[in-house]
Amino acid sequence: MSSSNVQVTTLERSTMDWLKAPLLRVEPAWLVQRRQLARDYFQSHGLPKSHDENFRFLPLASVTSQQLRQAPSGLNAPDLVESNLECSASIGFFDGNPVGDVESLPPGLKIGHLKRILEDTPSEIEPYLGQLAVPANGFAALGLALFDDAWVVRVRADTTVALPLEIVVRQKHGGYWTFPRLLVIMEPRSRLTIVERQVASEDESFGLTTGIFEFSIADGAQLTHVRLATHGIEEAELSTAAVEVASGGHYHSWVGSLGGRLTRLETHVRLMGADARVDLDGLYFARNRELVDHHTVVVHECESTTVEESYRGIIDDEAQAVFDGLIVVKPGAQHTTAQQYNRNLVLSDAAVVHSKPQLEIEADDVVCSHGATVGRLDAQQIFYLQTRGIDTALARQLLTSAFASELVDRCPVPELIPDIKRRIASRLCAAEELDW
Amino acid sequence: MLQIENLHVTVDGRLILNGINLEVNAGEVHAIMGPNGSGKSTLASVLAGRDGYTITEGRIRFEGEELTQLPAEERARRGIFLGFQYPVELPGVSNLYFLKAALNAGRKHRGLPELDAIDFLDLAKIKARLVGLDENLVRRPVNVGFSGGEKKRNEIFQMALLEPKLAILDEIDSGLDIDALKVVSDGVNQLRTPKNATILITHYQRLLHYVVPDRVHVLAGGRIVRGGDRSLAELLEREGYASLGVPETQPGFEVRA
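Which chain is which? The protein sequence lines are A and B, in order. If you read the first sequence in the numbering used here, its first letter stands for residue 1, the second for the next number, and so on. If you read the second sequence in the numbering used here, its first letter stands for residue 1001, the second for the next number, and so on.
Pulled out of the complex, with its shape left as it was, chain B reads as follows (with noise of 0.2 Å):
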């Protein structure tokens, strides 16, 4: 479904990602761990089309197709969903809306039908009640007021509704205590099938626990230092990142957007 191959990006000129290959089949959960600054944010980032990336060598390919230079909203259109670390609110834009305008350009993409807001409003109930998100959360504008845990659950409805192809949860187990924790992830994996896939990056092996990888890779200095199955991360968990010649921070290497 994915293809990274020798992926190059730089940011302000400086390389952040020094040669990132990965494959990610129909069906798979990866996981992307790493310290901070080794680049996996900037990693989600470019899949997901973010301006301010410049990619000097390699490609990404979805679906056969070279994604490199589609926008961020044809990638999603084609089935690319990026959860947020910091979902951003939208103070005046109601969720629903702002869902029924992204499903149905998703849907006229595939060439299906649009939604019309009655069967959009039922199906959104479904959604929500599947992750567990307060039905007045999905009405109000979209992540303001939310608490951190509610903000990634409203991620986690996001893609529910959307139903992507490949979803990039970028540190979706930030700030979030435990139970937070169980619904997010139960919500992750009732929304796994055999013909989606997702990548989990994650700074910690706790999300692991609930969301079975079949793929662990670490990513350290722009480069995946290390893959393995689940037990790489329990590795981790034991025995830090230093027990793979990782230093566990790696400061001022990735630049945020």
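If we strip away everything but chain A, and leave its shape as in the complex, we get (with noise of 0.2 Å):
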């Protein structure tokens, strides 16, 4: 923001007073340097401007003009939400504060506060924190500068967590900029399954979460994460997780954006290891005005590494969707296998769609494929279900909620499946009779 030609938005004027403030609390001079960092990095480049290539198709603008304040830290928040989930553990972050119990967790699995551990032990953090994901954008930057605490888990070598860690992310109601942070280090062969669910604050009213989660997964270790997104419809996130894969790890992410005026998601994801594989799933839904904007990037930087990437996407009335995609396979980064497509199916003329799958391929031995649809429903298809008597608004529930099923039927944890269903029904308008 320091140069003086470039218009600074309300939603960053916000911000000067939270960066005046001097860095008070008592961190460990890594620390203190890579908020610093941010700190720099974002007073010198501010938010993402439309002409910013990552940012080029995403208009910020609905977000970017408005007022937010900065969340109070270390509430005694109350629990978070009901949850039907059998879970090993229950966190959250309430205003972007870490929350949830604790206290009796399976063998093998910790979790404890960040401002705990720097008391503690913080050079078992300093090799990842702020390290796996370094700010590429303004939001970023401000989350690394400005996040109070954070949750840490940690997955013990050889242990399996067999039923999942929820995560639940909300506002209460609305109206801040919220900064929750996770970071997950998984020991050699060890398995976990994350379920992040972002949830919509009791009023709806505007609140933009940054939500910053990074992932070290060592040799032969396996890391499940699904993310869903049910914002409210004035909610905004823009967020990134990070991650790094060992030799013989794995990384699943499952991603469904259901919902939110804007949803960003970005995932980062580095194959340092032979064997190393990532597994990118992603079903968003926009209606109305919703914004949603998926960028991946995979980089390869080892042999033998592994991308299959499938995202699929329904656009309707006069929303807009970004899928963005880049796999990079450096130089001897040789037998990579790297999938990735993205289809997109359109229901209304206004809705808009942006699909820029991208391959940066520098070894020759490798095997790689990716490819990219926007489509709309087939007309074939409705009228061979009209000569069955269904009419055109259900034929087109069926073939939509079709076209979603096969990327909600890889969802790594099937106890969601009638809920994310639920949700693409209502967003379809559809009556009940509608279980598929």
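Note that these hints are calculated values from the structure, not bench results. Beta carbons are placed, not taken as given, at the ideal position from N, Cα and C, and that holds for glycine. One or more of the hints may lead you astray.
Stated by the list, open to error - Derived SDA-like pairs: lysine to any residue, alpha-carbon spacing no greater than 25 Å straight-line:
hint : chain 1 : residue 1 : chain 2 : residue 2
1    : B       : K1182     : B       : L1115
2    : B       : K1195     : B       : E1005
3    : A       : K421      : B       : E1114
4    : B       : K1108     : B       : S1094
5    : B       : K1108     : A       : T392
6    : A       : K421      : B       : P1141
7    : B       : K1165     : B       : Y1210
8    : B       : K1151     : B       : G1240
9    : A       : K421      : B       : R1140
10   : A       : K421      : B       : L1121
11   : B       : K1151     : A       : R396
12   : A       : K421      : B       : V1138
13   : A       : K330      : A       : A136
14   : A       : K421      : B       : F1120
15   : B       : K1165     : A       : Q380
16   : A       : K356      : A       : P48
17   : A       : K421      : B       : L1115
18   : A       : K172      : A       : G108
19   : B       : K1108     : A       : A425
20   : B       : K1151     : A       : D378
21   : B       : K1151     : B       : D1186
22   : A       : K421      : B       : V1144
23   : A       : K421      : B       : L1096
24   : A       : K421      : B       : S1094
25   : B       : K1108     : A       : S83
26   : A       : K20       : A       : Q7
27   : A       : K49       : A       : R35
28   : A       : K115      : A       : D17
29   : B       : K1195     : B       : N1036
30   : B       : K1108     : A       : T337
31   : B       : K1151     : B       : D1177
32   : A       : K20       : A       : W30
33   : B       : K1151     : A       : D391
34   : A       : K421      : A       : L347
Unchecked claim - Here are a few chain A residues that sit away from chain B, every Cβ distance over 10 Å (derived from the structure):
hint : residue
35   : P22
36   : Y41
37   : S44
38   : R116
39   : E124
40   : R156
Hints given; two lone chains; assemble the complex.
Structural data, given as structure tokens:
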């Protein structure tokens, strides 16, 4: 924001006072330095502008024109949400603050507050915090500069945590810009499933969530990460998950973006060792004037690594969707397998889709394929259903939910599927009879 | 049951049906034969209510009611069924779920209570056996990965479930080997009652060995040029369309949707 000829947005102006405050906390020098770099980044770059290549297709004005407050830290937060999911632990972020009960955890699963770990054993997290997710835009930079506390999860070597760890992220009434932060360290051959749910505030007023999730996956470890973004109609999220996968490790991300004024989810994965693998599944359904934007970056740093990526989107009304998927195969990363597909189903004339699959291959012995489609419902299929007595409205609902079903069925936590299906049916304005 | 009077239909401004007259009564099976491009499939599509066809003249009445303004689903609910020459694949839509919705749409129209999932499943099993459709296929997405014969059998299965008053089977015999043809024909025969009617649209008379029609009509150049009983079909088999002065193909005349 140093450049005087660039207009400062209302949202940027909101943050000026926050950044004036000195770094009072007693934190390790490495963290102070990382925060300072993030501040410097934000103060020189501000929030992304429309000419920024990574934000070219995402109109940010509906977010940056808002005034927001910084959430007070360390509240005695109440229980987050009622949950039917059987889980190993249920934690979360309430107005950005880490909350939840971690008293009785299964063996091998450790969950603690970052503040406490910084006091006791900061060297445990020094290699990861703010290092896996190096801020690449103003949102993430501010997240690192300003976050108060975070959750740190560690799964001990050779531990399989049977039930999912649930993480619920919520603002009570909106009005804040919050920076929930999570660091997960998967030791060798450990296994964990995370169910992250971004849920609507009570009154669904405008609020902005910038989540920064960092995952370190050691040799042979497996992390499954379900992200369900079901925001209120006025809420916005611009979040980043950054992952490093070591040899033989596996990260499986399943993303469902099913509501919110603006949802931008970035996933950055680096495959660091042989036989590391990542699966990226995504399903988005935007309607009204919603904006959804999925950016994925997968970097093959090492030979014999695999990515399989499939994102599907449904775009209705005046909604806009962006898919930007970059796969980079570094020199020497031979025997890489990379597949990337993005399919979009457009339900209205005013809906807009930008699909941008990209491969950057610097090795010569690789198997890579990618493809993107943007299409409409098939008139033949609709007619076929009509000739059986099904009206066009139900035919469209059936065919649209069928389009989504392949991704829905791939959700790695089957207990979530009925809820996901209900949400999709409700986005289709379908009657109860749509029990697919 | 069905009266077609002086039906003229254009597609993209081109005249495809040029004055069709046809009356079909309950209990009857009619065969409409004709060379490629004669307008057979257009007639089937127009009866079922497909978009893209303009009726410039004439009328279609079904049980005394004018059909031409009704959307396809309304015709289906009144008891008209179209068996497709090329059944459409519906990835992700299960046969069972889609047929339950279809059956209940028709029942609702007739003022009957809707069937729940359990009653529907029982009925579907019975009908699948009747037409010899593998029960696993019943649960799969509609026509996805089905062989040609399985797709046609699935059409007959749907017809068995929906119990239409008037079934229009468009080239239901195309692409079937002799065993599959027998199975499909058996299905059609079993579903014949004094109350319903069937229109078989076919190029070849082979099907008519198995499903014996009451009336045979020869369509050429968008109009019915000859009518008769089953012996007309036998004549065509022996001597070909040329014996009626009709060329075997009429390329470019019919436009398929």
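Outcome of the hint check:
{"no.": "1", "hint": "B:K1182 / B:L1115", "result": "violated, 31 Å"}
{"no.": "2", "hint": "B:K1195 / B:E1005", "result": "holds, 22 Å"}
{"no.": "3", "hint": "A:K421 / B:E1114", "result": "holds, 23 Å"}
{"no.": "4", "hint": "B:K1108 / B:S1094", "result": "holds, 21 Å"}
{"no.": "5", "hint": "B:K1108 / A:T392", "result": "holds, 16 Å"}
{"no.": "6", "hint": "A:K421 / B:P1141", "result": "holds, 17 Å"}
{"no.": "7", "hint": "B:K1165 / B:Y1210", "result": "holds, 21 Å"}
{"no.": "8", "hint": "B:K1151 / B:G1240", "result": "violated, 29 Å"}
{"no.": "9", "hint": "A:K421 / B:R1140", "result": "holds, 19 Å"}
{"no.": "10", "hint": "A:K421 / B:L1121", "result": "holds, 22 Å"}
{"no.": "11", "hint": "B:K1151 / A:R396", "result": "holds, 22 Å"}
{"no.": "12", "hint": "A:K421 / B:V1138", "result": "holds, 22 Å"}
{"no.": "13", "hint": "A:K330 / A:A136", "result": "holds, 20 Å"}
{"no.": "14", "hint": "A:K421 / B:F1120", "result": "holds, 22 Å"}
{"no.": "15", "hint": "B:K1165 / A:Q380", "result": "holds, 24 Å"}
{"no.": "16", "hint": "A:K356 / A:P48", "result": "holds, 19 Å"}
{"no.": "17", "hint": "A:K421 / B:L1115", "result": "holds, 23 Å"}
{"no.": "18", "hint": "A:K172 / A:G108", "result": "violated, 32 Å"}
{"no.": "19", "hint": "B:K1108 / A:A425", "result": "holds, 22 Å"}
{"no.": "20", "hint": "B:K1151 / A:D378", "result": "holds, 19 Å"}
{"no.": "21", "hint": "B:K1151 / B:D1186", "result": "holds, 16 Å"}
{"no.": "22", "hint": "A:K421 / B:V1144", "result": "holds, 22 Å"}
{"no.": "23", "hint": "A:K421 / B:L1096", "result": "holds, 18 Å"}
{"no.": "24", "hint": "A:K421 / B:S1094", "result": "holds, 15 Å"}
{"no.": "25", "hint": "B:K1108 / A:S83", "result": "violated, 38 Å"}
{"no.": "26", "hint": "A:K20 / A:Q7", "result": "holds, 20 Å"}
{"no.": "27", "hint": "A:K49 / A:R35", "result": "holds, 22 Å"}
{"no.": "28", "hint": "A:K115 / A:D17", "result": "holds, 23 Å"}
{"no.": "29", "hint": "B:K1195 / B:N1036", "result": "violated, 31 Å"}
{"no.": "30", "hint": "B:K1108 / A:T337", "result": "violated, 52 Å"}
{"no.": "31", "hint": "B:K1151 / B:D1177", "result": "holds, 13 Å"}
{"no.": "32", "hint": "A:K20 / A:W30", "result": "holds, 20 Å"}
{"no.": "33", "hint": "B:K1151 / A:D391", "result": "holds, 23 Å"}
{"no.": "34", "hint": "A:K421 / A:L347", "result": "holds, 18 Å"}
{"no.": "35", "hint": "P22", "result": "holds, 57 Å"}
{"no.": "36", "hint": "Y41", "result": "holds, 44 Å"}
{"no.": "37", "hint": "S44", "result": "holds, 48 Å"}
{"no.": "38", "hint": "R116", "result": "holds, 48 Å"}
{"no.": "39", "hint": "E124", "result": "holds, 46 Å"}
{"no.": "40", "hint": "R156", "result": "holds, 41 Å"}
Violated hints, in rising order: 1, 8, 18, 25, 29, 30; the structure is consistent with all others.
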